[in-house]
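> Listed below are the residues making up each chain.
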Amino acid sequence: MIWIGDVLVSQGEGGVYNERILGGARVWDPHRSKMSALYHVGTGVELTPGMRVLYLGAANGTTVSHVADYVEVVYAVEFAPRPMQDLLEVSRRRRNVIPIMADGARPEQYAPLVESVDLLYQDVAQPEQAGIALRNCPFLKTGGILVLMLKTRSVDVRKAPAEVFQDTLDALTSAGLIVQESVWLAPYHHDHAAIVCKKPVL
Amino acid sequence: MQSYWFGDVSDGLCKLFIGDSNALIDRVRSISSSMDSFIPLEWEQAVLCGACCGRIDYLARLQAVCIAAAERSIREQYSGKDAELLQMVRTLDEIDTVINLLSERAAEWYLVRHPAFSRKYRRTPAHVLVKTMSEKSKGALGRVAGEIEQLAETRTILAKEVSARANDVMPNTSALIGGLVAARLLSHAGGLLLLSRLPASAIQVLGARTALFAHLKTRSPCPKHGIIFQHRRVHNAPREVRGKVARVLAGKLAIAVRLDYFRGVADPDFLDAAQERIDAVGKRSEP
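Read top to bottom, the protein sequences are chains A and B. Counted the way my numbering counts, the first sequence spans residues 1 to 202. Counted the way my numbering counts, the second sequence spans residues 1001 to 1287.
It should be emphasised that the hints constitute simulated quantities derived from the structure, not laboratory data. Warning: the hint list may mix true and false statements.
Calculated lysine-lysine pairs in the DSSO-like style (CA-CA distance at most 27 Å, straight line) [said to hold, decoys possible]: (1) B:Lys1138 to B:Lys1120; (2) A:Lys159 to B:Lys1131; (3) A:Lys198 to A:Lys141; (4) B:Lys1131 to A:Lys141; (5) B:Lys1217 to B:Lys1244; (6) B:Lys1120 to B:Lys1131; (7) B:Lys1131 to B:Lys1081; (8) B:Lys1120 to B:Lys1136; (9) B:Lys1217 to A:Lys159.
Chain A stretches covered by chain B per the calculated footprint, using a threshold of three residues with CB under 8 Å from any CB of chain B [as the list claims (entries may be wrong)]: (10) 8-22; (11) 43-49; (12) 53-63; (13) 78-85; (14) 180-187.
With the C-beta cut set under 8 Å, the calculated list includes, among others, these residues of chain A facing chain B [what the hints assert, rightly or not]: (15) Ile4; (16) Leu88; (17) Val157; (18) Arg158.
Cβ coordinates follow ideal geometry from the N, Cα and C atoms, glycine included.
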């Protein structure tokens, strides 16, 4: 990852969302992007130029554009039409963003479009977030990394965030994934946690 | 056999998909693969297939068709008659908020200029006060009051348009609860399809989110009604049967919305029976 002092940046064409430019690089704001927040509060996963990424819940393409600056290709899955309009604009400007309008909970819809990936990144506002991640694991190479941005409030508002967090960790572990890191994204994002898992080599 | 966007692969042999760009877009939008027997796509197969001539070409072609497919999906979702109604009713509610906020602020300003003025013991409706302010005030305050009046005019026109559009898009629901309230239900659910999938109990408390979650979290009583309270049948009903009216009305609304979604025309038989049933509940406790 590229740091200028304590500011995380990415190298690419700027002006996607009026982001600040520092020394010719795009500032990746941890308050706007959970991925960036993960690098600030924890270790995260080193993005490398050869990486292929499946990104579930691409939304307006803000974080997608930064990830795309680092890796070879991003398959960006988004379901809602409104953010998809913005994501398409990002895709038209970046050769390595493939926008897919589909539901992340139904991978069979986009399986014929997506290759095996090194990184599965998920940031969806759905109740069943662990289940969606597991359903998409067939796309992950062995030894590949899953980054799950857990929105605890989307899972169940009645449960304490810590409880939802533990339940999700248990679900991922019992499915055979190895949890490498699990951190809360405070102070950047409240009630959000990041879970980094590795798909074990069988 | 595995189907990929560029063609079908079986036993190492690849059959290239033949068709123009439109057919390819349709294929990308309709294709699906079972995840049980799923074999991940390998882009080299596309080269063997003759679909592309290298990695960069592969990604460029895939991106182009994915963008086109997504554009078409967006256009389809926006072409529904409910998509525009949704924006119309949300704009209407937003204008209301803006008018209220601005009127309050302008009135405070006006009071400072006229220390002897008070609204106490006067039944001056807000819009009359705004009119007075726009006529009697000089400078920016007068202009602000004038803008509020203009905005109120726009609001009236928009409200009529929302009603008319709701009658067209949701004829049965609008007949039961009025175009404006029907449109607000639509706005809260996010669309006609989503509203038609809601159970009656959810329609009943749509718009009472805070009260509903307070009820689920603590022991506060559950809300009896949400947006449907805005309809005269509910807010004019005697207190003790109000919950009942809301429940029966919501039940009939759930049916009406489904009629609207699947048929799209008014069903007089259903409407008559429903109106009668709802009125009966409202009257039951009266002597």
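> Now tell me, hint by hint, if it's right for this structure.
Hints, verified against the model:
| no. | hint | verdict |
| --- | --- | --- |
| 1 | B:Lys1138 to B:Lys1120 | 24 Å, holds |
| 2 | A:Lys159 to B:Lys1131 | 51 Å, violated |
| 3 | A:Lys198 to A:Lys141 | 10 Å, holds |
| 4 | B:Lys1131 to A:Lys141 | 69 Å, violated |
| 5 | B:Lys1217 to B:Lys1244 | 24 Å, holds |
| 6 | B:Lys1120 to B:Lys1131 | 18 Å, holds |
| 7 | B:Lys1131 to B:Lys1081 | 37 Å, violated |
| 8 | B:Lys1120 to B:Lys1136 | 20 Å, holds |
| 9 | B:Lys1217 to A:Lys159 | 9 Å, holds |
| 10 | 8-22 | violated (count 0) |
| 11 | 43-49 | violated (count 0) |
| 12 | 53-63 | violated (count 0) |
| 13 | 78-85 | holds (count 3) |
| 14 | 180-187 | violated (count 0) |
| 15 | Ile4 | 30 Å, violated |
| 16 | Leu88 | 6 Å, holds |
| 17 | Val157 | 6 Å, holds |
| 18 | Arg158 | 6 Å, holds |
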